[in-house]
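So the protein sequences, as listed, match chains A and B. The first sequence runs contiguously to residue 450 in this note's numbering. The second sequence runs contiguously to residue 1176 in this note's numbering.
Because the hints were derived from the structure by calculation, they are not lab data. Predicted model only: the values in this text are computed from it and were never measured. Cβ atoms here follow ideal geometry from the backbone N, Cα and C, with glycine treated the same way. Hints are supplied without guarantee of correctness; some may be wrong.
Among chain B residues calculated to face chain A with C-beta under 7 Å, some are [claimed, not checked]:
| # | residue |
| --- | --- |
| 1 | Asn1030 |
| 2 | Lys1032 |
| 3 | Lys1040 |
| 4 | Tyr1041 |
| 5 | Leu1114 |
| 6 | Gly1143 |
| 7 | Gly1150 |
| 8 | Gly1153 |
| 9 | Val1154 |
| 10 | Asn1155 |
| 11 | Ile1159 |
| 12 | Ser1160 |
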Amino acid sequence: MSEEAKQEAGSEADTGGDGDGTRESGGGLGFETRMIHAGVGPDPVTGSRQTPIHQTSAYAFHDADHAASLFNLQTFGFIYSRLGNPTVAALEERIASLEGGRGATGAASGHAAQVLAFFPLIEAGERFAASNRLYGGSVTQFSRTFPKFDWRCDFVDTEDLSAVEAVLAQGAKALFVESLANPGGVVTDLEPLAERTRAAGALLIVDNTLATPWLCRPFEWGADLIVHSTTKFLSGNGTVIGGAVVDSGRFDWSASGRFPGLSGPEPAYHGLRFSETFGDLAFTVHSHAVGLRDLGASMAPMNAFLTLLGLETLALRMERHCRNAQVVAEWLEGHPKVSWVSYAGLKSSPYRDLAAKYMPEGAGSVFTFGVRGGYEAGIRVVEACDLFSHLANVGDARSLIIHPASTTHRQLSDEQRAAAGAGPDVVRLSIGLETVDDLIRDLDRALAAA
Amino acid sequence: MASALHYSDALIAGVLRRVRTIAMVGASPNWKRPSNFAMKYLQGKGYRVIPVNPRAAAGGVSILGEKACASLDEAPAPVDMVDVFRGSGAALGIVREAIRLREEKRIQVVWMQLGVRNDEAAAEAAAAGLTVIMDRCPKIEYGRLSGELGWGGVNSGVISSRRQRLAPAPGRGRQR
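Let's have the full structure, built from the sequences with the hints guiding it.
The structure is reproduced here in structure tokens:
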């Protein structure tokens, strides 16, 4: 290594006086502090306080030995932005910190994050299980596209624990659920599911997109991996597509022996075993060095930057999202044209107790309601709004409305739609940050037109 | 299973700052082994790493430019830190040797690698006045505290508004 290389690479280990030092908690600092500071400090070269956008494809090596060390995973650093990028890394670390995880991997989208999550776990011909109450796009990905990789998904009612035990006993290597299910006000009882997956030597993977780590932290309930669509509340302004998979660092791949992708020799890295070499970092190193390398669904640095900006206000936004959603849901429940409202913050919700347990700060801001008049009435409500935007997204600062049966969930069968809470009369709302009285006036007008 | 180990960042950073020479017991000449990874990385950060590996020493093998020693006894003084890259069962014997040699070699720290934990060895070393760290990797900890680990999306737990200085690597520089 050259003299310059040593000078540059040897930045002194200075902790900035973090006296507590618990590895998992960011030195015991609070959530709001970590949503602003975790993952990046002032740039050591320039002093830039806001995170630089590293808009580069590749990174210069110091010399041939440095390049070899990077390619062999013997040292930390950047090679090529498909595998890693400093701006994306700042976001990854921040999300990992907020979830209380060991590490995170950014992805081009939430769907890409889901592929990345399963990629090290499931070999061709193997199975995993997923809740039958999932975002329709996930159902389609698992049931239509994953079989092309010979990954087989069994959908299961996760409120029926004996059914969950049965599917795990049949060899499912992971169980995939949403903490707060899209579209409709369903809270998943994570703790007993984590007990079942742990007993079966399988992983619990939780999509925490709609709850965000501000409302729910699945690792505290025994989850092993978390996936996010960062497109939603984490970025918060409807600007970018992105995703992340977060590892708890708690699954012992070496002891399990069921996951040779992480514990067995990796031919493309000279027989290196990720779990042996990287310990509890194995999943995160693997998902960059193998997952992103070969799947290529990497997050763009500009998208990471916009998501970092969004995260700085996550707690503030989620408080208002939840408060507005509670007011709108209660108002809808009293409206004569509304047959039901599925929001876990309502007294009428069967999920109210689970919401109080898993997301005590609020039940999120995405929920569904039923319009009297069915499919056609649902479409008319959506089309009559002036303030709610008719589009296929959630978690924007703007309030959003959609009729799932005719849009996001239209690829599903009638039974799948019913299980997913996306029947013909269902309208989904994503309540934004506007003045709540204005939102109610807009819905009142739209319902009158239905 | 005993309770989880917690070491303050200040303790670990202090060790990594103070130490210059590391005797790595169990360092492998095979470049694909984790010990070889860690040794190469630490050399790159300016530490002198002396490999202790009886088989390599018997064959007259050098590892990453350093002649392998058959035992801790043979390592040239000073040895600031003994890094145990062997299983938990072997740790007690190695640590007792480090305690025996602590004045002769000026040993200050006994560090047991990620996955290596021996509470009896730790208690004896602490009683002998040595700083003890177990179940951690000095490469990962250096990377974590310097910010390099975060480059891979890892949660370093380090949060600071201070601008880091691009200081030269600690120690005497790499011996080649």
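Each hint tested on the structure:
With a cut of 7 Å, the hint placing Asn1030 of chain B at the interface with chain A is violated, because the nearest CB-to-CB distance is about 10 Å. The beta carbon of Lys1032 of chain B is positioned within 7 Å of a beta carbon in chain A (closest approach about 5 Å), and the interface hint is therefore held. Annotation: Lys1040 of chain B was flagged as interfacial toward chain A, and the flag holds, the nearest CB pair being 5 Å apart, inside 7 Å. The closest approach between the C-beta of Tyr1041 of chain B and any C-beta of chain A is roughly 5 Å, which is under the 7 Å cut-off, so the hint is satisfied.
Among the interface hints, the one on Leu1114 of chain B holds; its C-beta lies about 5 Å from the nearest C-beta in chain A, closer than the 7 Å criterion. Here the hint on Gly1143 of chain B is kept, as its CB sits about 5 Å from the closest CB of chain A, short of 7 Å. Given hint, Gly1150 of chain B at the interface with chain A, holds; its Cβ is 5 Å from that chain's nearest Cβ, closer than 7 Å. Given hint, Gly1153 of chain B at the interface with chain A, holds; its Cβ is 3 Å from that chain's nearest Cβ, closer than 7 Å.
Restraint check, Val1154 of chain B versus chain A: the minimum CB separation of about 4 Å is within 7 Å; hint holds. With a cut of 7 Å, the hint placing Asn1155 of chain B at the interface with chain A holds, because the nearest CB-to-CB distance is about 4 Å. With a cut of 7 Å, the hint placing Ile1159 of chain B at the interface with chain A holds, because the nearest CB-to-CB distance is about 5 Å. Annotation: Ser1160 of chain B was flagged as interfacial toward chain A, and the flag holds, the nearest CB pair being 3 Å apart, inside 7 Å.
In summary, the one numbered hint that this structure violates is 1.
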